[in-house]
Amino acid sequence: MSLFHDPATASTPYKDPTPLPDNVPKVAEVGTTSAPLKSASFFIGAHCKEFNEDFMLCKQENRDPAHCLKEGRRVTRCAADLINKLRENCFKEFEEHWSCLEYNNQEFYPCRKPEKALNKCVFEKLGLSKTIPGTPEGKTPVHELENPIFKRQQK
Amino acid sequence: MSTPYRQDMPPAGGFEAIKYKRNLPFRGPGGVVILAGVTAISAFGFYRMGKGNLEQRELQREKVWSRLHLVPLLVAEGDRDAYRREQAAVARESEIMKDVKDWEAGKSVYNDSRYRPSNTIVVL
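Sequences listed follow chains A and B, in order. Numbering follows full-length UniProt numbering, with no gaps: position 88 of the first sequence is 88. Numbering follows full-length UniProt numbering, with no gaps: position 113 of the second sequence is 113.
Just so you know, these hints were derived from the structure itself, not from any lab. It is possible that some hints are incorrect.
Pairs of lysine-lysine, DSSO-like flavour, derived with a Cα cap of 27 Å [to be verified]:
{"no.": "1", "chain 1": "B", "residue 1": "51", "chain 2": "A", "residue 2": "139"}
{"no.": "2", "chain 1": "B", "residue 1": "51", "chain 2": "A", "residue 2": "125"}
{"no.": "3", "chain 1": "B", "residue 1": "51", "chain 2": "A", "residue 2": "113"}
{"no.": "4", "chain 1": "A", "residue 1": "120", "chain 2": "B", "residue 2": "63"}
{"no.": "5", "chain 1": "B", "residue 1": "51", "chain 2": "A", "residue 2": "92"}
{"no.": "6", "chain 1": "B", "residue 1": "51", "chain 2": "B", "residue 2": "63"}
{"no.": "7", "chain 1": "B", "residue 1": "101", "chain 2": "A", "residue 2": "116"}
{"no.": "8", "chain 1": "B", "residue 1": "63", "chain 2": "A", "residue 2": "116"}
{"no.": "9", "chain 1": "A", "residue 1": "92", "chain 2": "A", "residue 2": "49"}
Which chain A residues face chain B? A few, computed with CB under 7 Å, are given here [what the hints assert, rightly or not]:
{"no.": "10", "residue": "20"}
{"no.": "11", "residue": "29"}
{"no.": "12", "residue": "41"}
{"no.": "13", "residue": "44"}
{"no.": "14", "residue": "63"}
{"no.": "15", "residue": "64"}
{"no.": "16", "residue": "66"}
{"no.": "17", "residue": "79"}
{"no.": "18", "residue": "109"}
{"no.": "19", "residue": "134"}
{"no.": "20", "residue": "142"}
{"no.": "21", "residue": "149"}
All C-beta atoms, glycine included, are put in the ideal place defined by N, C-alpha and C.
Model the full structure from these sequences, guided by the hints.
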């Protein structure tokens, strides 16, 4: 007979030590914190579009975690690859942008200056550009506005 | 001792003219001007607020898309972990129930192929 243990009252968090079965190929997790991920998100979207869409279509077929492990590994490898490329090519810009996000509540609008530098560097070195889907026709995308209304109050 | 007689007379050059006219100096712009100014400032403010609302909508779209681009990555990582824990649970169950004949570890209680996540994290 098993008892119900309230996880909130446990002295240590339960962590299942069993590793992944051997028949599943190992993949290194991205292991990045939220700010670098947010900073790289649009480039991940641009660089890994096919893998991401493939994975999401697979998930739509079946919600079982076992069903889409292969596609999931591809997604993770692609994202890790992109982050490595960012760090190799635009280390300074990337670092500046994500630490700016870290200091500004992870909002994009106070960090336009480092973002512009990062976008420029990534476009030159990796050929990826940031596009926000669904921007109204004929309008400047919000990340390229020259004189936005919402911006950092402190200079 | 007596003082000499002296007639009280107006000051030299006569009295100054009596001020009987209205004295209302100019005290700032008139009501119409103030009203027009307030209207102009408010109009500018509303215009800018409208612009700001449109911009905020775009900022929201940017935020949503930055999260959408990360969804596959995070779901993939979570799935691997969920799969690992599921397999471990099945292994534990088959170890516990190895003496029971015809027991299929990890079998759904429903007679269909639909995936249902486990209700328990771990049974200790």
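- Which of the numbered hints are not met once you compare them with the structure shown? 2, 5 and 7
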